[in-house]
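J.: Note that the protein sequences, when read in sequence, are chains A and B.
Note that my numbering has the first sequence beginning at 1, numbered continuously upward.
Note that my numbering has the second sequence beginning at 1, numbered continuously upward.
Warning: the hint list may mix true and false statements.
25 Å max Cα-Cα, derived DSS-like pairs, lysine-lysine [unchecked claim]:
no. : chain 1 : residue 1 : chain 2 : residue 2
1   : A       : Lys45     : B       : Lys11
2   : A       : Lys2      : B       : Lys57
3   : A       : Lys42     : B       : Lys11
Some but not every residue of chain A turned toward chain B, in silico, with C-beta under 7 Å [said to hold, decoys possible]:
no. : residue
4   : Glu43
5   : Leu47
6   : Gly100
Just so you know, these hints were derived from the structure itself, not from any lab.
Cβ atoms here follow ideal geometry from the backbone N, Cα and C, with glycine treated the same way.
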Amino acid sequence: RKEVEQDPGPFNVPEGATVAFNCTYSNSASQSFFWYRQDCRKEPKLLMSVYSSGNEDGRFTAQLNRASQYISLLIRDSKLSDSATYLCVVNYNTDKLIFGTGTRLQVFP
Amino acid sequence: DAGITQSPRHKVTETGTPVTLRCHQTENHRYMYWYRQDPGHGLRLIHYSYGVKDTDKGEVSDGYSVSRSKTEDFLLTLESATSSQTSVYFCAVGPLTEQYFGPGTRLTVT
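For reference, chain B alone in the conformation it holds in the complex:
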């Protein structure tokens, strides 16, 4: 157990509204990642962080932004939610050789 929590666990929101998802870890991992998982696709990387205030884009970063002001928290923001962003979002921490995932957030954009 890598001490990862995500909040909220479930959210329904309307198109055009901003949404922020939170990932919190207790193990002081340097690397943190945000993925989305959709049917027919593998987990796809949205953004990742390699330290406080150090972030980079993944393969599906359009429409998303992130922030990491503390080691333990990594926030994912959907600037203006769209129906295509309906998905399950997973946070992960740790080195590439052994990533630990949070329980996920189910987001529905109506």
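Next comes chain A alone, as it looks inside the complex:
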């Protein structure tokens, strides 16, 4: 079993739609959680950290469910510019991050 698993997609949604991605992790000792965004043939960039109480940044909401060992990312009112691959990232309180393979989102007009 992979340490961090994501549905690869693609998720094809129209502009204005709400879309949600889930990510599961295998190590219950995980300490920190993040979502990164990666545009095609570009470097990953931090989208948001995920806090235990859940957090929101504009149209983006991240949730953590420790009991079920998953995190989620909700995007409301999707824009064409949201088209990208979203990477789920977990830290097990070591010096390293574990990256999922990513979920691809395509927003169409």
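Put chain B on the given structure of chain A with help from the hints.
T.: What follows is chain B alone, placed relative to chain A:
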């Protein structure tokens, strides 16, 4: 923008040749990382550095070595390139809570 550059950006090399990739940063970050990204795999850590001359292995370190003689530069060397090392290589800097990535190097080993 964390002021990270990677060189070269693209390289084609032959099996068995040594290759060195360079990561340069301008923000004086203590931690620097080398990852590779391949289809079907998440970013995988090759080596990382927690200070000048202080380095450690990641999960896919076989066939790679690193050096960090200055805070701003982190070099990744493929001792004898193999086709399995064809990949996109990303350098990253910063703490685990917010890593900044360089633009990547596309390496093809023929």
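J.: Would the hint on A/Gly100 be counted as holding, given a Cβ-Cβ threshold of 7 Å to chain B?
T.: Holds, because the Cβ-Cβ distance from A/Gly100 to chain B comes to roughly 5 Å (cut-off 7 Å).
J.: Next pair to validate is A/Lys45 with B/Lys11; report whether the Cα-Cα distance is within 25 Å.
T.: At roughly 24 Å apart (the allowed maximum being 25 Å), B/Lys11 and A/Lys45 satisfy the hint.
J.: Please verify that hint: A/Leu47, Cβ, nearest Cβ of chain B, below 7 Å or not.
T.: 11 Å, violated
J.: Given A/Glu43 was flagged as interface, is its beta-carbon under 7 Å from a beta-carbon of chain B?
T.: Interface hint status for A/Glu43: holds (4 Å vs cutoff 7 Å).
J.: Is A/Lys42 within 25 Å of B/Lys11, Cα to Cα?
T.: 17 Å, holds
J.: A/Lys2 and B/Lys57: Cα distance at most 25 Å?
T.: 20 Å, holds
Violated hint for the displayed structure: number 5, the only one.
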